[in-house]
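Residue numbers (UniProt numbering), protein chains in the order written: chain F, 1 to 284; chain S, 1 to 284; chain E, 1 to 284; chain X, 1 to 284.
Since the hints were derived computationally from the structure, they do not count as laboratory data.
All of these numbers come straight from a predicted model, not from anything done at the bench.
A hint or two may mislead.
A pair counts as met if it fits within one copy or between any two copies, since identical chains are not told apart.
With a straight-line cut-off of 25 Å between C-alpha atoms, the simulated SDA-like cross-links for lysine to any residue are [unchecked claim]:
hint	residue 1	residue 2
1	Lys111	Ala54
2	Lys88	Arg251
3	Lys111	Asp40
4	Lys88	Asp34
5	Lys154	Asp135
6	Lys279	Arg251
7	Lys86	Met173
Okay, here's what each chain looks like letter by letter:
There are 4 protein chains.
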Amino acid sequence: MERRYRLILACPDRVGIVAMVSNFISSHGGSITDANQHSDPSIGWFFMRVEIGAVMLPFELDALKKAFSPIAQSFEMQWRITDSSKPKRVVLMASRESHCLADLLYRFHSKELSCEIPCVISNHDDLRKMVEWHDIPYHHVPVDKDNKQPHFDKVTSLIKEYQADVIVLARYMQILPYELCDQYPQQVINIHHSFLPSFAGAKPYHQAHDRGVKLIGATCHYVTQDLDEGPIIDQDVIRISHRDQPEDMVRLGRDVEKNVLARGLRCHLEDRVLVHGNKTVVFN
Amino acid sequence: MERRYRLILACPDRVGIVAMVSNFISSHGGSITDANQHSDPSIGWFFMRVEIGAVMLPFELDALKKAFSPIAQSFEMQWRITDSSKPKRVVLMASRESHCLADLLYRFHSKELSCEIPCVISNHDDLRKMVEWHDIPYHHVPVDKDNKQPHFDKVTSLIKEYQADVIVLARYMQILPYELCDQYPQQVINIHHSFLPSFAGAKPYHQAHDRGVKLIGATCHYVTQDLDEGPIIDQDVIRISHRDQPEDMVRLGRDVEKNVLARGLRCHLEDRVLVHGNKTVVFN
Amino acid sequence: MERRYRLILACPDRVGIVAMVSNFISSHGGSITDANQHSDPSIGWFFMRVEIGAVMLPFELDALKKAFSPIAQSFEMQWRITDSSKPKRVVLMASRESHCLADLLYRFHSKELSCEIPCVISNHDDLRKMVEWHDIPYHHVPVDKDNKQPHFDKVTSLIKEYQADVIVLARYMQILPYELCDQYPQQVINIHHSFLPSFAGAKPYHQAHDRGVKLIGATCHYVTQDLDEGPIIDQDVIRISHRDQPEDMVRLGRDVEKNVLARGLRCHLEDRVLVHGNKTVVFN
Amino acid sequence: MERRYRLILACPDRVGIVAMVSNFISSHGGSITDANQHSDPSIGWFFMRVEIGAVMLPFELDALKKAFSPIAQSFEMQWRITDSSKPKRVVLMASRESHCLADLLYRFHSKELSCEIPCVISNHDDLRKMVEWHDIPYHHVPVDKDNKQPHFDKVTSLIKEYQADVIVLARYMQILPYELCDQYPQQVINIHHSFLPSFAGAKPYHQAHDRGVKLIGATCHYVTQDLDEGPIIDQDVIRISHRDQPEDMVRLGRDVEKNVLARGLRCHLEDRVLVHGNKTVVFN
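All chains, full assembly: derive it from the sequences and hints.
Listed below in structure tokens is the structure:
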């Protein structure tokens, strides 16, 4: 695909934002290849994502950012510009369950996901062979449940060393420490099962089975300090019946989980997700 | 449709149940036109629903029950037999919102639901015209929020007077008193919105909007003394996006609610729902 | 809702369209409350829909059109501007089946659809009572299958008399004559059942049953001279099983048909559907 | 899972089938752990699938078949009995596209599919590394498009050599010769894309894109001599929009294809699919 710059911005809504942005682009000869806008009247906020054909612009990425900066300032924008030719570096974290990891690796292998995967980190060694087949380094960082700090120190240092842009918790069953979440805001993506109604505590599929629910689902969200409560990127459900035992629900849940995680990650990689407070605008 | 008896039973699982039941039917010349069974190994319980061509059997309903009774006893069955030629009497209860009521009335009018609707009861008078167009009596029973007892006394007496087999809370926004729930176990059907995750308290659609959920849903369930916690009959969801304001979510939620309620009621009317503890087996 | 103008346009893609349009709006003090754009690289064409807060603009609708006209010309735009305060006039046409008609009437009655329904036309008299309950004139225009011209002459004259902006074929089982289709391009909306694979000829649900399909669906589309082949507005499916006899499939198909038609009409009424050649861009 | 026998039968419907079958089982001390029945009144035919706890029966598989044979004969049954402890041997056939193959291999690897995969056959060598990682033999059997007979001779001989019970065409892009289809009736499973409406000929996703369809789907079916026209096992669809270019549709279509194929194969492996004429009864 042709190289593109992606301008993502959010700011208080007022007259003239689109005009100013599109003038800026067209006055430099840039063509808008895709654009989405959203005004949320309930909060008076404006969101925009613009894809610009990079080849026609007289700017490199840094120069473009510098040129756009005054406009951004005058509208009090939260903004970023990314370059589609620089794929994001995605560090995958897993535990023992392989379904999400295997799915993401396959999509990466088949070039469906536009990213780099510099390494996989796991607190178990089980998935090494699967990962190394893709020529991706696998780091087994065991966790001592009475002293998790050394584990997280090592994880943090690996994430830094590999210069991660995104961290995907692909059924990594540990709660990330606050400091790590804070250092990577809106860059840590998690997947977890979801039910109607919700179930707290252990063995949620067994609880859902006992309750006789007819749908099970999954939610892909950014990780914040509130466990499983960060901004939602995507969700989906699958129909079940009384015939499905907890182990069937787990199996069906795996399919929903991996599909929702892959869709959510794809949106993130294409800079389609804008976060405002605890909710997202997803331009897809 | 040809007249049928429906035998619904649940009992501790053991060898020979199906043989005994099907022998009983075939030895009297009855043909099984539809049958479903389910064993739940986690609780060691067996569930069955059999449709029997009534015309070939030498029994009227009462005689059939009497003839089957010894088998039922020997297997410690919870059971019932119904007659498809005797449609259930469904009392609808509503408040001001019309979407579920209008949908059920239309399905009744177009003969899609096989039942009688002897009356509609509401704590408001708003929907009278819509109901009376269908030649169904409409009872406006106002509720005094400081003293609800007279309201429920009147409602209970109407339900008895009209000999209701089923009571459908079609967005009737009052909590039924315990005594009424107890008198009609597994006969009071409710519909309520559902989200992933769940939201407690007022204005759930606004809460869901603030949380940025991507799916909204509805749950149809039997009413028990635990509000909104009875056995689930059916559920469904619809996809929403950041573009949907709370009022859009309410509108989309109405479509899910009415469809799920209609499907749930249909299953109930055809005796397809078996309740065990707090969960259902739905043979559809 | 606050009054809005909606600008809908399509033109060959080139640099500066968004800038020009948004400049025009903001230079007159108008605020963009919603906007969607789409570039289709496979045809080199650009599509846009903009909602503008009408109260802030110094223009009435005609003056706005006049002011925008030079821009439209310079970009060779196909375009229109509509006024949300002037609801479209929707003439409904039906035959004997009531599900789509009843659903649209209910949504109109509950103010879910923003439109006027000046009359209903049918070749049968069956649905008169249902329509007249809504205080909408009902015109029974019988059709003689050996000479349909008088029927269509009368239908055409009613459509003109009632100044229809949109004609919805809500299970009107006649094929509209070419002349009528031509006079109302992209203004006649039809709903028809759809299957995977497709079935031609009579009794499609029976054909689908014989073929053992697992999904049945419906397609809402604009009517062109190619029967059932016009631009698609929306589609949906529902899952069925071997248990569903043709009559169950017809019943389930009704729910899909009415929901898809209502969604498609809603998009049309909000000017969210742009047609290019034989396909649509639906901004929802 | 505990060892089970599965009895699958179809026969002309008449009184006493279930009684006879369940008597047979219970009189030998067998317990029915799952059972499904279906009567299709439109063809007067009866279908049944029974799972029997094998450990309690005094029969090995062959003895059980022999014992049941007289009953089967008296009811003119088409029938089979399988043993859940003898997983079916599934030969996978692929070409260059890896999505279905990779998905099935992963499900096999994670023990989600209860089967053996004795080998993979492909007319290209591309997927060898992926297959051999699973320690499964990979046979590259090139096809000469002017003389396909040697290819099919080799394929047939491999299928026989590996004693295939099932052949899955996991995006194997060749049309199997008649003789091979005939030798493996209801044992060759294919997956192909499906649309509403259908599109014949090359580049179906491009045709669907040009037509502006809003849903794309996939159909899993048994292969018969009528290409893409055999009995349907499962189908599903996914929603698309005008934003999706043909390459997006291909990508989204891959997800539907692999999910539907995996579900269809799972049903087949568990003996849940009964074929009658050109349609299936799927007990799931």
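TODO: Go through the copies and call it for lysine 88 and arginine 251: within, between, both or neither, with a Cα cutoff of 25 Å.
DONE: between (31 Å within a copy, 20 Å between copies)
TODO: Have a look at lysine 86 and methionine 173 and pick one of within, between, both or neither, based on CA distance no larger than 25 Å.
DONE: Neither. Shortest intra-copy (30 Å) and inter-copy (35 Å) distances fail the 25 Å Cα cut-off.
TODO: Since the copies are identical, ignore which copy is meant and state whether lysine 279 and arginine 251 lie within 25 Å (CA to CA) inside a copy, between copies, both or neither.
DONE: between (29 Å within a copy, 21 Å between copies)
Task: Within, between, both or neither: lysine 154, aspartate 135 at alpha-carbon 25 Å - done: Within. Shortest intra-copy distance 22 Å satisfies the 25 Å Cα cut-off; inter-copy 34 Å does not.
Task: Alpha-carbon proximity context of lysine 111 and aspartate 40, limit 25 Å - done: For lysine 111 and aspartate 40, only the inter-copy Cα distance (23 Å) is at most 25 Å; the intra-copy one is 35 Å.
TODO: Using 25 Å as the alpha carbon limit, work out where lysine 88 and aspartate 34 are close: within a copy, between copies, both or neither.
DONE: For lysine 88 and aspartate 34, only the intra-copy Cα distance (20 Å) is at most 25 Å; the inter-copy one is 30 Å.
Open item on the list: Within, between, both or neither: how does the pair lysine 111, alanine 54 come out at a Cα-Cα threshold of 25 Å?
Closed with: This pair counts as within: shortest intra-copy Cα distance 22 Å, inter-copy 47 Å.
Hint 7 alone, counting from the list given before, is not met by this structure.
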